[in-house]
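Asks: Please model the entire structure based on the sequences and the hints provided.
The listed protein sequences derive, respectively, from chains A and B. Take the first sequence: its letter number 101 is residue 101 in the working numbering, and every next letter is one higher. Take the second sequence: its letter number 100 is residue 206 in the working numbering, and every next letter is one higher.
Think of the hints as simulated: they come from the structure by calculation, not from any bench. Mixed in with the good hints, there may be bad ones.
[As the list claims (entries may be wrong)] Mimicking DSSO-like on lysine-lysine, the simulated pairs with C-alpha atoms at most 30 Å apart in a straight line are:
(1) A:Lys45 x B:Lys149
(2) B:Lys149 x A:Lys106
(3) A:Lys45 x A:Lys106
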Amino acid sequence: DIQMTQSPSSLSASVGDRVTITCRASRSVYSYLNWYQQRPGTAPKLLIYAASNLQSGVPSRFSGSGSGTDYTLTITSLQPEDFATYFCQQSYSRRSFGQGTKVEIK
Amino acid sequence: QVQLVESGGGLVKPGGSLRLTCAASGFPFNDYYMTWIRQAPGKGLEWLSYISTSETTLSYADSVKGRFTISRDNAKNTVYLQMNSLRPEDTAVYYCARDRWATVPNLDYWGQGTLVTVSS
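Replies: Structure, rendered in structure tokens:
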């Protein structure tokens, strides 16, 4: 099984900040890497697929990059509605999620 | 519009069984893999299982293999998760999601979830 590790587990940031979340796979997932946002009490929402493709309707302040085992989700100019938990997920070998990164208000 | 509605959750005793249902609408159900994911209270997401369009490919997480069974009825636009030998650690919100194979497989629509509580 492929293990996904996110860092940090949580972070505090202010509106307008640039935020970067990292996801590392235990072996290469060949860009079979997706990112999701989950606000409290709601279902997760797809943000980025195939490492760097923005899902339709997602604001352009969200972007993804990476290859092999290391991937990054970046939020430029954090907005109030972006305070949430973010999960990476690989779909190269079955499926597995990272443990999540909670973005909190500083 | 795409809708996924889970049902069938509830309180069940350890060792018991439950069948979850996910009713889909707003898209050609026959054309999509479907996936179940769960989230224990205050925890992260755990992938459980997916099923191919014609049920020829099934995949399970090790944590549920042999206890849970995924199936679908394309005539009813419905996917199921039969859960047997339930344990307290199976307590979670269970989500179904559409498994879209665009460039790479991804979960582009999710239901609202149904809560399963395993307790005596």
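Asks: All hints are to be evaluated individually against the structure, with a verdict given for each.
Replies: Here is what the structure says about each hint:
1. A:Lys45 x B:Lys149: Holds - the C-alpha atoms of lysine 149 of chain B and lysine 45 of chain A are around 17 Å apart, at most 30 Å.
2. B:Lys149 x A:Lys106: 22 Å, holds
3. A:Lys45 x A:Lys106: 24 Å, holds
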